[in-house]
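Enquirer: Chains as they are written, first to last, in our numbering: chain A, 888 to 1046; chain B, 10 to 336; chain C, 1084 to 1856.
Possibly wrong hints are sitting among the right ones.
[As the list claims (entries may be wrong)] Distance condition first, Cα-Cα at most 27 Å in a straight line; then the derived DSSO-like pairs of lysine-lysine:
#, chain 1, residue 1, chain 2, residue 2
1, C, K1129, C, K1357
2, C, K1854, B, K331
3, B, K47, C, K1129
4, B, K47, C, K1854
5, C, K1229, C, K1357
[Stated by the list, open to error] A few chain B residues that don't get close to chain C, going by computed Cβ distances all over 12 Å:
#, residue
6, M10
7, R25
8, M34
9, D44
10, T55
11, D91
12, S94
13, P97
14, P137
15, S146
16, E165
17, R240
18, D259
19, N314
It should be emphasised that the hints constitute simulated quantities derived from the structure, not laboratory data. Idealized CB from N, CA, C, for every residue including glycine.
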Amino acid sequence: MTSRTSIHLTINGHDHELEVEPRVTLLDALRDHLGLTGTKKGCDQGQCGACTVHVDGQRVLACLTLAAQAQGRSITTIEGLAEQDGTLHAVQAAFLEQDAFQCGYCTPGQIMSAVACIREGHAGSDDEIREYMAGNLCRCGAYPHIVAAVRQAAMEAAS
Amino acid sequence: MRDFSYLRADTADAARQAGALPGAMLLAGGTTLIDLAKCGVAEPETVVDISHLKGLDGISVDGAGATIGALAKMSHVADHADIKSRFPAVSEALWQAASAQLRNMATIGGNLMQRTRCPYFRDPANFPACNKRSPGSGCSAIGGVTRGHAVLGTSEACIATYPGDLTVALVAFDATVHLGERQLAVDDFFLLPGATPEREHAIEPGEMITAISIPASAAARRSTYLKVRDRQSYEFAAASAAVGIEFEADGRTIRDLRVALGGVATKPWRARAVEEALKGKLLEPDAVRRASLLAVEGAVDHGANHYKIELAPRVVARAILKIGETA
Amino acid sequence: MTVHELRTRPADSKRGDASDGGALAGQVGGRLSRVDGPAKITGAAKYAVEQQLDGLSHAVLVESTIAAGRVRSIDTAAAQAAPGVLKVLTPDNALRLNTATDWLGTPPPDVPYCPLARDITFSGQHVAAVVAESFEQAVAAAALVKVSYDEAPVIADLSDAKAGDGIPVDAMTKEWGDAEAAFAAAPVRICAAYNTPREYQAPMEPHGLIAQWQGDQLTVWEPSQWLDGMARTYAEWFGVPFENVRLVSPYIGGGFGSKAFAYGYGAVAAMAAKMLGRPVKLAVTRPQTFTAYGGRAATRQTVALGANAEGQIQSIVHRGVNETSVDGMWVEPLGSVTSIMYATPNFSSRQNVVRVNSVVPGALRAPGENPSAFGIECAIDELAYEVGIDPLEIRLRNYAEQDPEAKKPWSTRQLREAFAAGAEAFGWSKRSPEPRSMRDGNQLIGWGVAAGTYPVRRAYGEAVVRILADGSVEVESSSIDMGQGTYTILAQTAAETLGVPADNVVVKLGDSRYARAGVTGGSRLAGVMTGAVHKAATAALDQLVGLAISDPRSPFHALQPNTLVVTEGRISSPRGDGPDVPIAELLGSVGRDRIEAKGDTMPANSTPEERYKNYTTIAMALPHTEGDYSRHSWCAHFIEVRVDEDFGTVRVSRVVSALDSGRLYNPKLAESQWKGGIIMGIGQALLEEGIVDRRHGRIVNNNLADYLIATNADIPDIEVISVGIPDPHSSALGGKGVGELGIVGVAPAIANAVFHATGMRVRDLPITLEKLI
Ligand SMILES: Cc1cc2nc3c(=O)[nH]c(=O)nc-3n(C[C@H](O)[C@H](O)[C@H](O)COP(=O)(O)OP(=O)(O)OC[C@H]3O[C@@H](n4cnc5c(N)ncnc54)[C@H](O)[C@@H]3O)c2cc1C
Ligand code: SF4
Ligand code: FES
Ligand code: FES
């Protein structure tokens, strides 16, 4: 027997209805069921941060969140970060300018994490940025440039 | 992950009732439960989602102490101004745990219930023998890779380390777990493996953690959590210590001392012998180092984890000296 | 499928660094931002397994839970009956495939190939697979497949008593002079063993693929460092012509050596797709990535250095061992740096491989050079202390003025410059020589230096350059960009060669239907492909100018010029007289909708067979010592560590590296790659280790919480300095390798710094806390 539930998700301001098994994670719902593949799967075990999205404005891991659990909350993914007209979010622009990525696979997670990190007030110093961005692994080793990008975006946000 | 049905609880009572059904498990942040379901360790038939329950996520701090709702997020507790000022060790234990994302998901109740990171426990397909998972099946870890395993509180049945950070601070400051009406000292909430490593917590089916409370104390106010690990962040402790200190009016003689260890024992480990040895004494580095050795009295290693016996007392000593020396 | 057809953004106004004479961003040598950046930072970049196909089914692997023995039986009943299951694949119902040619081009034995094993030689081997309608169903059903085994004794790792001394690899033997005798006679002798554990590539994008058959045409969406090589493997497995297989890999979420080959799970997915007549997606799980293909082999080396009292090396005796699998061969060339870094009159290096029950090891960033440098660069540090000379000074005293092994001059070797620039920026002269003489509270501070090198691997490449009616330019190649910046540097190359703005160039990569390319590995791609694009673009430009001069309809026709120039997308005469028209206008006036040129760097008389071989094997690669020169990139790392004296924890607090990669095509991106290598080296030095349960022959830390790679918090600011000069012997545009160089020498620099901090010499990586308390 495979049970299915119908769930309602609000993603990037849009409403989506989907029929999924209760065991489907938010990550798989986004990637496999809704075609929102900007959110990446690096480990599926909460160990890398590639799947970082915002739920009610807080950065969380989509791979350890059930899709059903996210019903009734507001979800933001990398696809919903830039403005409607395509203007990049300050963090996105800073990532490009600082070359804060190489392969780009950890990048959506890094960016979602960085946006929240700044909003939380955890981007006060380079060391604080390093610690509060440590939940996003980057095997290409873009870390120093990620720190520079977060610092830059945080300064822009403050001014 | 095997298929399960999903039930969202509207009230705490409904959650307790649903949670009492066979095969049902409560879901809070999901960072332990969903992870273990993917590993094939947790096989819930019904997942009872309590994460939308109202009123269980409060944090209140007054002269008597702090009360933290079971659904409060680790991140919120860590960043709470009064927790930071009156229970710094609690805040530090929290922000040094897991990652920012996980702390935004994980709840205090779920945190108390997190399971060991023993690699054999987490891989049932490859290691059927695990007394914690299937009582009586044996222990795959003993004789295997034991670098992360416990040196304190172990038994012949299980040597798995209790991995969490927060509870180390909680046990140091005599926190209480609220299971609705029933209350238990945190130290009593966690059970030693003995012959029944499958039973980790003194919680009964149908019970739910509703809150924890931590009594205010001068030692809690002057406290710290020191976590040592291979990687600078996003890793469990190799050894850690929650330490709080209160001096006599002279500012040098130790009136109250709290010491608990993490990363080295099968449960959050209160090191009362260290506390007793130093109470009434002056804070003096050599004495502190000597007394800290008592933290690992009776420790037993399994080869690769021997370093923990060396490391833990040094962590304790450093933490005591650090907190004792900073005004 | 248009997402990977990217336009460059308006060229950054920033100028290049001094090392490149201040090239404009859009030109070769300029600091153009990644042209694939916008797609990556908005989530628009679709990686291989993210294609959304109708009727997609999901495959999940079942892996062996023993490391040696035989599958007795597989009970698939429960899995078959599970909801959504379409197929359970086992060796019994698997399609018969052919064995494929290996990457060296060795013709395969005429035996069938089955990616699902009956004979088990390592834990985690694929034994079955379940295909279901949904991913969740496939995962659940895979757990229901019951495999029973007859177990055999396991040889777990190099230290297993049953492993023995292994098999000598004669091709690795390098000898000159009389090394043993010279060592015995040397006034100063040191000899020590250096070990590196199993290490894993762990790219953030796990491996996997989507396979779809249409008739006998196979399309595979798979992250790939080598489209043509992998397409060949699939074609041979399934007995279809090479042209019938299309590999698509628009973006690759990191490879580090691990994504150059089609592996068994690829065969499983393609087989399932064929049997079901439906597209199949197979995503290798993170734990499976530790056994579905090989990481770096564990290695052991002994390095004996004999020297005189001034620290001049008289003899090097080197012995190495690496592990390989029971039925596969992997040689990690451990003498590769040992034999070229320092001048020595006497040298001997030999190597064995030892078979253990593991997956066949593979390439991980700088295979060979990486562990090799760990041995020799620690050993020379030990020698420096032994004779009481500064570790930097001893390296200069033994500086190899030519390749000691090949006895040829270096094409370029800016290593002395690297030592000087790095030392200066780091402040090396302020170092207090005694170990354990620098501290900050509980932190012991140590400064270490080590050098690194990587050979310039060369091959031939091919590219198509098109000038379109609107004056824009398209570049096509089946090479790939996994973060090294191929999209960007090829846009710069085409832009500069053609004289058009870089934002008018669209680069298309990652599709085996495009012009051919060989493997992206060994840091060779940039040199190969910039050469090919330069050639194709030059040919296109010649055509364009030719048309402008000779076509009667051209506005330049009346002028009868000898030549014309193209700048900023406009054509004019070099003297500035006459018309000045945009490319689009010219094409319009001569009635052409495009100009297309294919360029390749193969020798002109190459046969089609040679071309095929060049792109689908590495058999045609040119040795780095071919001709008159020995070609290598070089670097020097200066690293500061802080070691907690009580806890033994090591943290890297400062890194200055000076690197010679020749000319940099885009310094901004090259710096990122260098830093990435250095960061991986920090992880290698301090954290990374595949831990084997020796009873079961199984890696127990097969996940990213237990196989620790560096986090952001582990990494300080890193200063990289380019000391390279254009090297005409290494590539058409003067560049040498970038991607692998950065990691080589980092681990020994850290080990040397740890010794300086603590007085303790750790010769086993990683340097974890228990080794220091
Ligand atoms: C990669 C990773 C790294 C981590 N690193 C650290 C670390 O460094 N330090 C650390 O301390 N922790 C760490 N953790 C563990 C993390 O803190 C716990 O997973 C988390 O606290 C669990 O809380 P949760 O709300 O997500 O629990 P859930 O997963 O929702 O629940 C866990 C268990 O508790 C039960 N439960 C939940 N709420 C209640 C309740 N109110 N009453 C009774 N039972 C309940 C559930 O049924 C379940 O069995 C890490 C986790 C991961 C995945
Ligand atoms: S140590 Fe405990 S949890 Fe680990 S395998 Fe043994 S019994 Fe299981
Ligand atoms: S995919 Fe979610 S943390 Fe790695
Ligand atoms: S950019 Fe490749 S993993 Fe971060």
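Enquirer: What hints, given by number in increasing order, does this structure fail?
Expert: Of the numbered hints, 4, 6, 9, 14, 17, 19 do not hold.
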